[in-house]
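Starting from the given sequences, assemble the full structure and let the hints guide the process.
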Amino acid sequence: MLNKLLVGTRKGLLIMSRDGAASFDWKIESAHFEAIPVVYAFRDQRSDTIWVSLDHGHWGGKLHRSRNGGASWEEVEAPKYPEGDAVPPDFSVPAKTNYIWLIEPGGLDEPNRLYVGTDPGGLFVSDDGGDSFQLVETLWRHPSNTHWFGAGRDHPGTVAIQVDPRDSRHLTVGISVGGVYGSQDGGETWVARNRGLYADYLPDPLHEHGHDPHIILASPSNPDVLWQQNHCGIYRSENGGETWRDISDKNGGPAGFGFALAVDEEDERVAWVAPAVSAEYRVPVERALVISRTEDGGETWQDLRAGLPQQHCYDLVFRHALDKQGDTLAFGTTAGNFYLSDDRGDNWRCLLHNLAVVYSARFM
Amino acid sequence: MAQVKFTPNLKRFFPDLCECAIEADTVAEVVGAVDERWRGLGDYIIDEQGALRKHVNIFVGDELLRDKLTLSDRVSADSKIFIVQALSGG
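Residue numbers (this note's numbering), protein chains in the order written: chain A, 673 to 1036; chain B, 689 to 778.
Think of the hints as simulated: they come from the structure by calculation, not from any bench. Just so it is clear, CB atoms sit at the ideal spot from N, CA and C, and this is done for glycine as well. Worth double-checking, as some hints may not be accurate.
What the hints assert, rightly or not - For lysine-lysine, the following DSS-like pairs were computed, each having C-alpha atoms within a straight-line distance of at most 25 Å:
no., chain 1, residue 1, chain 2, residue 2
1, B, Lys699, B, Lys768
2, B, Lys742, B, Lys699
3, B, Lys742, B, Lys756
4, B, Lys742, A, Lys683
5, A, Lys683, B, Lys699
6, B, Lys693, B, Lys742
To be verified - Ranges of calculated distance between the beta carbons of each label pair, as one might list FRET restraints:
no., chain 1, residue 1, chain 2, residue 2, range
7, B, Gly728, A, Gly868, 43 to 49 Å
8, B, Gly749, A, Glu860, 51 to 57 Å
9, A, Ser764, B, Val772, 25 to 31 Å
10, A, Asp691, B, Arg754, 56 to 62 Å
11, B, Lys742, A, Asp799, 29 to 35 Å
12, A, Pro837, B, Phe747, 49 to 55 Å
13, A, Ala703, B, Phe702, 17 to 23 Å
14, A, Asp999, B, Phe747, 54 to 60 Å
15, B, Glu751, A, Gly979, 54 to 60 Å
16, B, Glu751, A, Gly729, 23 to 29 Å
17, A, Gly868, B, Lys742, 34 to 40 Å
18, B, Gly720, A, Ser744, 25 to 31 Å
19, A, Asp691, B, Gly738, 48 to 54 Å
20, A, Pro875, B, Asp755, 38 to 44 Å
If you want it as structure tokens, here you go:
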């Protein structure tokens, strides 16, 4: 479904659409879950179902779905941790679903499978189209979980889930903080895939565990190529995460720290990031909003600023708030601004100024 | 039977929610009983470990619930239970 966007904000979900395929104009088609924080929303193309993760301040994290494009919604039971379970690394806090970071579809050959990533770090799976979810205990109880911990939030979070389109049993998962884990058997066994990552906040920055992937995406044209916006830089792998290479801008440009990432559907060398000043600050570099693009696998970066505010700007782009479809990119910010480009990021325009904090943006 | 009242804000998610009378010895049993009547309501009040959600309050009479971990506070036949959101938000 081209030319439609799902925008999750702190005060609800917006469905945006373009007025005709060639039109310049986007409008808000409908608003849902008014005043409720919408952490993540995406459309499962396999079943034409919109999935939404809510973060009620009072009532807990919830999952809703719509099978009719948002005309009506149905709540499904949110993932639950087993009775008596506790949170890594010290297991002193009871485990409960604090926050539902994202929902990802399984492969095309497993139409009823869905994955959900949560705070405090658990990955959940459903094999009945989302009617029920089970904790992936093999990952949750991985011996390395004593190296997991919270960053920005109190507890670790499963923030990235990638299913290999060539083999649905091949999974790559990112835990922040914990690191990258890969499975070749549909989640029965897991291995850490952090070789080449550098964690400057650890006593041993090259430790096998305890890394902080903010987001991981595979290049659709070659899923062996993985991109990672990490707490400590931007990384790329050409072997499915066996080894990573730091591709942060070495020429003084801003691409380094950040949260969001988009990759090109056709060219495995092309990706976009939304740079920010590192963890202690979390503001745009020199208070100027920029999207950086590489077209050579991270050897060089271009800083794309046309149409973006270049002074006194405090907009941050959260990890799921940048997306790409064809030549169109869109992102929303913590300051409630929403930007779109129809030429691969060369030129931007602000579609909306006065939203609440934008948590996610996904083309439908 | 204990009388149970809810914040009107929960009617957004459970439109037919209403004051009700529950036979129960503890607040945990009250939550279990209202969850049976309004399927899923319990998940809005407690988490999967049975603890009261951080930003939810339950009053037994005029007193705030004491045992927020297992909701073992005693309930009697003339108890009035009030389930509300805490005064937090943004």
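Which numbered hints are broken by the structure, listed smallest first? none
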